[in-house]
Amino acid sequence: MTTLSSKTTAPRSVSGWRSAQSKRILLTLLGWSVALVIFFPIFWMILTGFKTETAAIADPTLIFSPTLESYQAVHARSGYTRFALNSVAVAFGSTFFALLIAIPSAYAMAFLPTKRTKGTLLWMLSTKMLPSVGVLVPIYLIFRDVGLLDTRTGLIIIYTLMNLPIVVWMLYTFFKDMPKDILEAGRMDGASTLQEVFFLLLPLTLPGIASTGLLSIILSWNEAFWSLNLTTSKAAPLTAYIASFSSPEGLFWAKLSAASTMAIAPILILGWMTQKQMVRGLTFGAVK
Amino acid sequence: MRLARHLPVTTLAAAIAMSGHAQAQTEITVATVNNNDMVIMQSLTDAFEDAHPDITLDWVVLEENVLRQRMTTDIATGGGQFDVMTIGTYEVPIWAERGWLSPLDNLPDDYNEGDLLASVRDGLSYEDRLHALPFYAESSMMYYRQDLFEKAGIEMSEQPTWEEVREWAGQLHGSEEGLAGICLRGKPGWGENMAFVSTLVNTYGGRWFDEEWNPELNSEEWVNAIQFYVDLLNDYGPPGASSNGFNENLALFSRGNCAMWVDATSAAGKLYDGNESDVADSLGFAPAPVAQTPKGSHWLWSWALAIPASSENQEAALEFITWATSQEYIELVGETQGWTSVPPGTRESTYANEQYTEAAPFADFVLKAIQDADPTDSTLKPTPYVGVQFVGIPEFQSIGTQVGQTIAAALTGDTTVEQALNSAQRATERTMQRAGYLD
Amino acid sequence: MTKTRASGRTVGGLRTLSLQAPAVTLLLLWMIVPLGMTLWFSFQYYNLLMPGMTGFAGLENYEYLLSDPALWAAMGNTLLLVGWVLAITVVGGTLLAVLFQQEFAGRGIARVLAISPFFVMPTVSALVWKNMMMHPSNGVLAWLAESIGLPAVDWFSSLPLTSIVIIVAWQWLPFALLILLTAMQSLDEDQVEAARMDGAGPIAIFFFITLPHLKRAISVVIMIEMIFLLTIFAEIFVTTSGGPGLATTNLAYLIYIRALLDFDVGTASAGGVIAIILANIVAIFLVRMVAKNLED
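As they're listed, the protein sequences go chains A, B and C. According to full-length UniProt numbering, the residues represented by the first sequence are 1 to 288, in order. According to full-length UniProt numbering, the residues represented by the second sequence are 1 to 439, in order. According to full-length UniProt numbering, the residues represented by the third sequence are 1 to 296, in order.
In case anyone wonders, no lab produced these hints; they're calculated from the structure. Keep in mind that this is a model prediction, so the values were computed, not measured. One thing to keep in mind: the hints can contain errors.
Unchecked claim - Computed list of lysine-lysine pairs in DSBU-like fashion (alpha-carbon distance at most 35 Å, straight line):
{"hint": "1", "chain 1": "B", "residue 1": "Lys-381", "chain 2": "B", "residue 2": "Lys-368"}
{"hint": "2", "chain 1": "B", "residue 1": "Lys-381", "chain 2": "B", "residue 2": "Lys-295"}
{"hint": "3", "chain 1": "A", "residue 1": "Lys-180", "chain 2": "A", "residue 2": "Lys-118"}
{"hint": "4", "chain 1": "B", "residue 1": "Lys-295", "chain 2": "B", "residue 2": "Lys-151"}
{"hint": "5", "chain 1": "A", "residue 1": "Lys-234", "chain 2": "C", "residue 2": "Lys-215"}
{"hint": "6", "chain 1": "A", "residue 1": "Lys-23", "chain 2": "C", "residue 2": "Lys-215"}
{"hint": "7", "chain 1": "A", "residue 1": "Lys-115", "chain 2": "C", "residue 2": "Lys-215"}
{"hint": "8", "chain 1": "C", "residue 1": "Lys-215", "chain 2": "A", "residue 2": "Lys-180"}
{"hint": "9", "chain 1": "A", "residue 1": "Lys-180", "chain 2": "A", "residue 2": "Lys-115"}
{"hint": "10", "chain 1": "B", "residue 1": "Lys-295", "chain 2": "B", "residue 2": "Lys-368"}
{"hint": "11", "chain 1": "B", "residue 1": "Lys-151", "chain 2": "B", "residue 2": "Lys-381"}
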């Protein structure tokens, strides 16, 4: 399977090199067609953002005169920047706290398991099963009384708690994948727990932490129940911005597409950066 | 320009400045629907703030369903997050009864309350006191393609009947590629297919409940109406009719895929706008078709601005809602946005304005439809409820959506009309028992 | 030897406790407070729109929901939806992870493109699929079908649940891909190389080395997805509103219609409690199946 990775293929003969080459071309074709098929609806949405409202509902075509009409309409409406800043603050804030609380917990579960570890893990996940709608009224009343309605802090608290079980679970899996002997070796060398975590565990599991973080950011970014119900205007994130373009009376598909494109752009760029981190080649095999 | 106001630095600076001077600035939070007329209102913020330098507006613009949930949670728990709420004819009496809305008794003289259309004003009153001011109002009517009707040699009647409509739909269906004879709502929901279906049932002589709140969904009138609706759409409707709501049908009609369409009068301005519609030149209007009785054949809905009792800025909020529903505001919109964009259906003066009636040839139809609609008397037989296309009780949202689902199933042929209505009847009985209307 | 291990365990136990304390305490609070409130409300008459009507309701809220003739259809739909989406995303996600692990030109960008559906808000992706992809007259799929001479499929009328499954699977496939791809990073290259030296083909390597390595990650994908899939709402709300009939009504949507549209907090809470119980039953079954994978 890894014959194709450049470091392992030392061309043994001309024919071997040729077949590796043609395999690579085939893989490129396959990989890209799969990616493009999956991406197509989003591509279409981005394209629709550059159409007029009537063109957006016309028969599908790639040929149309692009217009910035929808973007202008969206821009004129209300401050994208304010919503986007709220989204960034809330998504990153809650992810930071979730990781901060989850890393020690997952470390303990992965490397110092007790009899109750598995039970605790499952119980944590079961807290996610509480349907949000069932607890909206109590939470609303609590938030009203402590003045957390329409604040970023309030949303960060909710999202941290909401994502914590998933973050713990994912970190636990990634930590579990790490060969024990590396940590053992560190401990032999007299490393403290903190040193162990900071100098061995974190660098080695960075891909896992990066994708866990990315996941937590995405989940907070797209969360549309609490963010719509607990904010009014000052702390309203991009989900509220999208909800102001979704399904009004009249034609809205081009404007909604433009607004959605603006809402996913930051996270798409972040995803691209994170994916580099995820596959930086810091595999355990290489360390050994 | 408004964007600059939201930049954090500016906001911060403004906050510091404000705290420093301790100015008597009142900020009011306005919750509104994202429909086009409200978006125009938001874009005219500067005009309001210039005229009222002591008040600033903070907007919360959301889609209808999200907004309704958000506002209900806040007002029922006394959250006090909003100073002005945009609600409909359905909510106003229910919320007013619970004391959640401030009654609007002391309207300024220059507001000219008598200018409001009587049927709209009645719909927003509870115990004869106005609890919300109408922002725009709509009824329902029929849109048709004049070019197709001429080509087929059909003449539209002054008051079309559903039988005529069926005949015309048959003649026109498929006469052009992708042309459906008629488009109607099919997407389940109390505000979607059931708004239309209720008017159809009304004109077939049916009603939701008898005087004792017993549901009558499997009565003969309902069966006839629904059978007609299902046959009509299956024979001459567009593909996928069971997932088409107002917006989907608007898109279909503006692209020229429907010969006729019966829906909200508020679509007229959009269909008449050449930028949004391919059929602007050939657009025809007619009253909503009737069957056994003209009663309740077209609905009445209005979006209105109300002040929650929990608001701490009652006076500033009143300033704002009287401005946004005034004659002066309507003229401001006409002059800055064009007269077809004016919020329709609220004031007699709008329809006396020649600039408007010239720009909007549909104005008379709309006015007549709105004036005709009587929510207190919309069925042939008497009922205990108020409302043309809805029943003014809190339970109706779920009843309407539930019944809407079963009718959609009949539309796709999953069940027969009788089966669908029998199960709708049972489900509604269950809900009414649970709510204590029935033993 | 035994001594060190024993002492190691006690020290470990203490350390485990102190390290886990913040997460466990917070989640305990997060669970007990709302769960307690949900339980309490589920035995009360409590309707936001009926301020006067309060008091102890006994089991009435539960009775109302459990005697609903639509309940069984909704449960069936919920299980079908969860089952199909899980099957598609886990199988598809594993294959995609293997594919995107290979080196090819522009792999980084292709990976981000394939993961991106997960970035789009559920309501938006449902609207895009409904109006731009699956629309029977102006959707891309109808256009594709017609251009190869097939009749356009009327997705939401004739294949309602399938349509929802497609939309939801499209959203969650990238999640499975993201997790499994990350898990592949810790695959031991030496082991793969050794197997190849022994003459194992790519298929054998996939089944005997890659798949066992991904086992734990796959169980995590299943567990996490299940939690989200049991409560799918926005996609149904935007496209079919649970219809035609009950064809796409799942439990979340049923509770929404029966209780939340009327702001009946009591019944909604009872629905919440029923949903938790059901979720736990499903979870127990799943855990039995995947529990082995959690251990070493």
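Going down the list of hints, with the structure as the test:
1. Proposed proximity of Lys-381 of chain B and Lys-368 of chain B is supported: the alpha carbons are some 23 Å apart, at most 35 Å.
2. The suggested pairing of Lys-381 of chain B with Lys-295 of chain B holds, with an alpha-carbon distance near 10 Å, which does not exceed 35 Å.
3. Between the alpha carbons of Lys-180 of chain A and Lys-118 of chain A the distance comes to roughly 19 Å, so the proposed pair stays at or under 35 Å and holds.
4. Restraint check for Lys-295 of chain B and Lys-151 of chain B: satisfied, since their Cα atoms lie roughly 33 Å apart, inside the 35 Å limit.
5. Pair hint Lys-234 of chain A plus Lys-215 of chain C does not hold up; C-alpha atoms about 45 Å apart against a cutoff of 35 Å.
6. Distance check on the hinted pair: Lys-23 of chain A and Lys-215 of chain C sit about 28 Å apart at the alpha-carbon level, within 35 Å; holds.
7. Between Lys-115 of chain A and Lys-215 of chain C the CA atoms are separated by roughly 22 Å; this keeps the pair inside 35 Å, and the hint holds.
8. Of the supplied pair hints, the one linking Lys-215 of chain C and Lys-180 of chain A holds, its CA atoms being roughly 18 Å apart against a limit of 35 Å.
9. Note on Lys-180 of chain A and Lys-115 of chain A: the hinted pairing holds, with a Cα-Cα distance of about 19 Å set against a maximum of 35 Å.
10. For the given pair, Lys-295 of chain B sits about 14 Å from Lys-368 of chain B by alpha-carbon distance, which is consistent with the 35 Å threshold.
11. A C-alpha spacing of about 41 Å is found between Lys-151 of chain B and Lys-381 of chain B, which places the hinted pair above 35 Å, so the restraint is violated.
When each numbered hint is compared with the structure, violations occur for hints 5, 11.
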